[in-house]
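Q: Listed below, chain by chain, are the residues.
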Amino acid sequence: MSWRDQPLGAAGDGTLVANLMHFARILRAAGLPIGPGRVAEAVRAVQVAGLANRDDFYWTLHAVFVNRRDQRHIFDQAFRLFWRDPEWSARLPALSLLLPQARGADPTPKEPMSRRLAEALQGQGDDKHARPRDETPPGETFDAVMTWSAREILQRKDFEQMSSEELAAAKAAMARLVMPVAMVRTRRYRADPAGARADLRATLRATARTGGDIIALRFRAPRLRPPPLAVLCDISGSMERYSRMLLHFLHALSASRQRVYSFVFGTRLTNITRQLRFRDVDEALSRVAGSVEDWSGGTRIGHCLAEFNLHWSRRVLGQNAVVLLITDGLDREGAQGLAAEMERLHKSCRRLVWLNPLLRYSGFEPKFLGARAMMPHVDDFRPAHNLQSLADIAQVLGEHTGHAMRPRIAAGSTAA
Amino acid sequence: MPLPVPKNVDETLALLKAGSYVADRSLATAAFLALKLGRPLFLEGEAGVGKTEIAKVLATTMGRRLIRLQCYEGLDVSAAVYEWNYSRQMLEIRLAEATEASRETLEEEIFSERFLIRRPLLQALDPDPDGPPVLLIDELDRADEPFEAYLLEVLADYQITIPEIGTIRAPTPPITVVTSNRTREIHDALKRRCYYYWVDYPDAVRELEILRLKVPGAAIDLSRQVVGFVQKLRGEELFKSPGVAEAIDWTNALVQLDRVTLDPTTINETLGALLKYQDDIAKIRGPEAARLLSQVQAELATAPPAR
Numbered sequence: 065m066s067w068r069d070q071p072l073g074a075a076g077d078g079t080l081v082a083n084l085m086h087f088a089r090i091l092r093a094a095g096l097p098i099g100p101g102r103v104a105e106a107v108r109a110v111q112v113a114g115l116a117n118r119d120d121f122y123w124t125l126h127a128v129f130v131n132r133r134d135q136r137h138i139f140d141q142a143f144r145l146f147w148r149d150p151e152w153s154a155r156l157p158a159l160s161l162l163l164p165q166a167r168g169a170d171p172t173p174k175e176p177m178s179r180r181l182a183e184a185l186q187g188q189g190d191d192k193h194a195r196p197r198d199e200t201p202p203g204e205t206f207d208a209v210m211t212w213s214a215r216e217i218l219q220r221k222d223f224e225q226m227s228s229e230e231l232a233a234a235k236a237a238m239a240r241l242v243m244p245v246a247m248v249r250t251r252r253y254r255a256d257p258a259g260a261r262a263d264l265r266a267t268l269r270a271t272a273r274t275g276g277d278i279i280a281l282r283f284r285a286p287r288l289r290p291p292p293l294a295v296l297c298d299i300s301g302s303m304e305r306y307s308r309m310l311l312h313f314l315h316a317l318s319a320s321r322q323r324v325y326s327f328v329f330g331t332r333l334t335n336i337t338r339q340l341r342f343r344d345v346d347e348a349l350s351r352v353a354g355s356v357e358d359w360s361g362g363t364r365i366g367h368c369l370a371e372f373n374l375h376w377s378r379r380v381l382g383q384n385a386v387v388l389l390i391t392d393g394l395d396r397e398g399a400q401g402l403a404a405e406m407e408r409l410h411k412s413c414r415r416l417v418w419l420n421p422l423l424r425y426s427g428f429e430p431k432f433l434g435a436r437a438m439m440p441h442v443d444d445f446r447p448a449h450n451l452q453s454l455a456d457i458a459q460v461l462g463e464h465t466g467h468a469m470r471p472r473i474a475a476g477s478t479a480a
Numbered sequence: 012m013p014l015p016v017p018k019n020v021d022e023t024l025a026l027l028k029a030g031s032y033v034a035d036r037s038l039a040t041a042a043f044l045a046l047k048l049g050r051p052l053f054l055e056g057e058a059g060v061g062k063t064e065i066a067k068v069l070a071t072t073m074g075r076r077l078i079r080l081q082c083y084e085g086l087d088v089s090a091a092v093y094e095w096n097y098s099r100q101m102l103e104i105r106l107a108e109a110t111e112a113s114r115e116t117l118e119e120e121i122f123s124e125r126f127l128i129r130r131p132l133l134q135a136l137d138p139d140p141d142g143p144p145v146l147l148i149d150e151l152d153r154a155d156e157p158f159e160a161y162l163l164e165v166l167a168d169y170q171i172t173i174p175e176i177g178t179i180r181a182p183t184p185p186i187t188v189v190t191s192n193r194t195r196e197i198h199d200a201l202k203r204r205c206y207y208y209w210v211d212y213p214d215a216v217r218e219l220e221i222l223r224l225k226v227p228g229a230a231i232d233l234s235r236q237v238v239g240f241v242q243k244l245r246g247e248e249l250f251k252s253p254g255v256a257e258a259i260d261w262t263n264a265l266v267q268l269d270r271v272t273l274d275p276t277t278i279n280e281t282l283g284a285l286l287k288y289q290d291d292i293a294k295i296r297g298p299e300a301a302r303l304l305s306q307v308q309a310e311l312a313t314a315p316p317a318r
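Residue numbers (my numbering), protein chains in the order written: chain A, 65 to 480; chain B, 12 to 318.
Just chain A, with the same shape it has in the complex:
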C-alpha cells in the first residue's frame, strides 16, 4: 500500500521519542493496554531496527504495542493517521489539535475511522481523556453513529439501577449457588495426609530434616477447581422480562469465580465477558447495554450457536468447560440448522446445561420446534417457572446436583 512508502514523519530530528510517546498515548486512550514501560521498549526497539524502512518501522511498533489480534485494526488506523503527515504530528505535542480539522485536511479517508480511535484522538485534544467515556448515559451518544444495517430491529436498553437491598439479596443468592458441575479434578496435587499418592518430594525433604533415620511417607491428592463456564443467554423479546435479572446473575457469576465467559444473543451473538468484569454492577450493565444491539428482538438460536461454534468455542471451551444455555427455545427461524449446531456444541463441552425459564407450570413438555431440536443434545435440562430473582436461579441450578438428569428421563417417566 502506498501509505507505507511515504517518508516517515519526524524521523530524523530529536522529536522521535516524544512522538512515540504521543502515539502510545493515543493507542492507550483507544483502549490498548500500554504502560510507560512499553514506550521505553518501543524506543529501544526502534533504535535497534532503525528507521530506514517505513514497513519495518510499522512492524517494529506493531511487535511492541499490539498484544492481541483484534488490536491490529486500531493500531493500523492509528499508525496511518499519526505517522502520515510530518506537520500534523509535529503539531501534536502542543496538544492543540482538534480532530475534525485534522480530518478536514485529509483527502477522502477510505474507511470510517474507528470510533474508539476518534475518541482517543479527541481526548488528546481537550486533555480530558481521564474521564471514562461511558459516563454519559447510553442512548444519548449512540444515535449519531448508528450506521449498521437496518435489517434487524436494533434496540438499546437502559437498565434500572440496582438497589442496595437487591445487591445484598444477590450476594446471598450467589453464596448459596451450587453449579451443576461444581468441581473438577485437575492434574495438579496438593499435600493431603489422606491422599492416595505418595508425595516423594515432600517425603525426601522431611527425611533429610530428620537425618535419614526414618523415611515417613507424605501423601498428596489432586487439587479441585471449578471448570470454566460459558454462559449463552437469550435476550430476545420473549425473554425480555428476565434480561435484567439474568445480567445481574452473569455479573455476580463473573465476580464470584474465575474463567466465566458470558455471551448474549438474540439475532446476533455478543461477547460481554469484558464488560461484565467491571466491579460495579450498574456500570457493567450500562456497558453491556451499550455494546449489545439486539435487545428484545427476534431470536435466531441456530445462527447464533453457529457463530459461537465457529468463532468462540475453540477459544472458551478449551479446558473442559461447562456450557450454560439460558433460552426459552423459541426460534424465529423455525429451528433451522439448530439441531446440528446443538450437537456440535454438545460435543465440544464437558456438560451442556439448558435453563429454560419459559415454563408456566411444572408439567412442561418441549413442543416448540426449537426446543424439540435442542432437547436430544442437552445433558441437563433445568426447566423453571417463576424465575424472578437470583435466588430462583441459584435454586434451579442447585437442584439435583450430582445426579445426571437426562432430559428424556426427566420429560418422560420417573427417574431411576
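Hints are computed from structural coordinates only; laboratory data are not their basis.
There could be a bad hint or two in this list.
Claimed, not checked - Facing chain A, from chain B, some residues (calculated, C-beta under 8 angstroms):
#	residue
1	Q100
2	R195
3	D199
4	Y206
For glycine and all other residues, C-beta sits at the position ideal for the given N, C-alpha and C.
Keeping the supplied structure of chain A fixed, place chain B upon it in accordance with the hints.
A: Just chain B now, kept in the frame of chain A:
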C-alpha cells in the same frame, strides 16, 4: 557452525530463507527484535501456519540447540523445570547410614546438583558452547494459568529458583519462542514481556513459494492449482480452514498419486488430507469442489504466468 544473531531485518529474512522458511518481512522484523533484544517472540495463529517451524528453523540455521517444551493442562514444575531423582536420593540415605556419615551434611548432600533432573526450562538456562539455545514453549494455551504465571518470572529474568540449591541464572538468555493456538487467551502480563506476532495464512504468491520449496517434486501447474484451491477454501465458511501444513500434505499426497493437475474426482478422494472435520468435508465434496476448481482454473488461465 553456530551463527551470531543477525544484525538487521534483512539478515533475519535471509536467515529464515536459508532454513527454507518463507517469511513475511513483518515476521522477520518481529523475530529480529526478539533475537536482538533478548526477549521472547510470541507467535499466535491458526493451527498449521508454521509457528513451531520458526523455532526449528532458527535453531537449525543458527546452529543452536533446540529445547522444546510441549505444554499441556497440569504441566507443573516437576515436568517443566526440575525434579529430584528420588530413588537415588533414597539410596544415598541408606548409603549414608552404612558408612555412618555425618547427619548434618546429609541434607546438603542429597539436595545437590548430582540428584537434580533438569527439565526443559532449566536446560535452557545452562550455558552452551554453541551459544544460547532456542527454547520453544509450544502451545502455551494448553497449559493452565498457574503455569503461565510461573513462566512470567522465568521469561522476565531468565532465572529459576530452586529452594534447596538457590537461584540459577542464565549467563545469556536463550532465544525463546512461545506459540499459542488461542484456545484461550494468554494473560496480557505474559504477552507484555514478549514481541507479539499474529501468524496469518500466507497470500497466494507466498504460498506458492512455500509449496515449491517444500514439495519440489510437484508439477508447477499442480502447485498453482493447489494454492488457488486452498486460498478459495479459506474464503468459505469452514469450521477449520486448511493451513499451510495441510496444503503441503495434500500436495505430497497428490504427487504420490502421480497427479499433474487437479480434477474433481481427485479432489473428492483426497479431501481428507486438507479438511479435518466431517462437516467441512461434506460441505465441500462434490459440486462445491467442482465449482471452486473451475473458478481456480478460470483465474489461472487469465492470470499472467507466475514468476
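Q: Each of the hints needs a verdict: does it hold here or not?
A: Results for each hint:
Because the closest C-beta pair between B/Q100 and chain A is about 5 angstroms apart, less than 8 angstroms, the hint holds. Of the supplied interface hints, the one on B/R195 holds, with its beta-carbon coming within about 5 angstroms of a beta-carbon of chain A, less than 8 angstroms. The beta carbon of B/D199 is positioned within 8 angstroms of a beta carbon in chain A (closest approach about 6 angstroms), and the interface hint is therefore held. Using the Cβ-Cβ criterion of 8 angstroms, the hint placing B/Y206 at the interface with chain A is satisfied: the shortest such distance is roughly 4 angstroms.
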